[in-house]
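Participant: Sequence:
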Amino acid sequence: MPKRKNPTGDDYEIGYAKPPRATQFVPGQSGFAGRKHKKVEPHNQMISRILNEEVEVSGQKMTKLALVVLQTVNKTIKGGRPQDLKILLEMLEKHGVMTKVDAAEEARIGADEAMAKVSQIFFRLQNADPKLMAASKQADLEEAEIIMGCSHCAPILRERWKTPEYKSRLKQGQKSAIQSEVTGKERNKRLIKIWENLPRDVT
Numbered sequence: 001m002p003k004r005k006n007p008t009g010d011d012y013e014i015g016y017a018k019p020p021r022a023t024q025f026v027p028g029q030s031g032f033a034g035r036k037h038k039k040v041e042p043h044n045q046m047i048s049r050i051l052n053e054e055v056e057v058s059g060q061k062m063t064k065l066a067l068v069v070l071q072t073v074n075k076t077i078k079g080g081r082p083q084d085l086k087i088l089l090e091m092l093e094k095h096g097v098m099t100k101v102d103a104a105e106e107a108r109i110g111a112d113e114a115m116a117k118v119s120q121i122f123f124r125l126q127n128a129d130p131k132l133m134a135a136s137k138q139a140d141l142e143e144a145e146i147i148m149g150c151s152h153c154a155p156i157l158r159e160r161w162k163t164p165e166y167k168s169r170l171k172q173g174q175k176s177a178i179q180s181e182v183t184g185k186e187r188n189k190r191l192i193k194i195w196e197n198l199p200r201d202v203t
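Sequential numbering from 1 applies to the sequence shown in UniProt numbering.
Heads up, a few of these hints could be off.
[Claimed, not checked] Estimated spans, in silico, between C-beta atoms of each pair: (1) A154 x K61: 54 to 60 Å; (2) A154 x V68: 20 to 26 Å; (3) L67 x P164: 33 to 39 Å; (4) V40 x S168: 31 to 37 Å.
None of these hints come from the bench; they were simulated from the model.
In this text the structure is predicted, and so the values were computed from the model without any measurement.
A virtual CB, placed ideally from N, CA and C, is assigned to each residue, including glycine.
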């Protein structure tokens, strides 16, 4: 095949494996200069997209978010780990997946489930031996501290305790185990503070 002369007039010959210099790639130049670069999906959008995907569980369709919350609540009830629900809610809120309203609603549901579990333990252990009762009381206190440490659960529980229905139950002596532990601890703190601020006789 005859070689063509370079129109630029230099000694560079155009031929097989020798394209014109004007059409050659410059070092560092991409071969697809006009292509659109694929956008990187932000973490919050990626998490939201995945959690909103539907799955089928026992013939019932639900979002992955609903499934995760359901499984976490079930583990909280069976295993006594309310902090799992707290961690889940904080992770979802951190990535902007859940609005504050959604998070508060999920926290309310989780708090109700956790309170029901604590109440069941309390009633089941009424006839237990003193050591078991003491261990149960300590567990109730620890769970109460975990739930009240949740930025969503604590305000919801405090508002719940102010409702007329709840106050009516209080008059009949029906206080939840969590409120008993929380209010008892707060009362002790107030008494200690009053005691520390009492005037002392200096002799």
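Participant: It remains to establish, for every hint, whether it holds in the given structure.
Facilitator: Hints, verified against the model:
1. A154 x K61: 54 to 60 Å: Since A154 and K61 have Cβ atoms about 34 Å apart, the given range 54 to 60 Å is violated.
2. A154 x V68: 20 to 26 Å: Given a distance of about 23 Å, which is inside 20 to 26 Å, the answer is holds.
3. L67 x P164: 33 to 39 Å: 36 Å, holds
4. V40 x S168: 31 to 37 Å: This hint is violated: roughly 55 Å between Cβ atoms.
Violated hints, listed in ascending order, are 1 and 4; each of the other numbered hints is respected by the structure.
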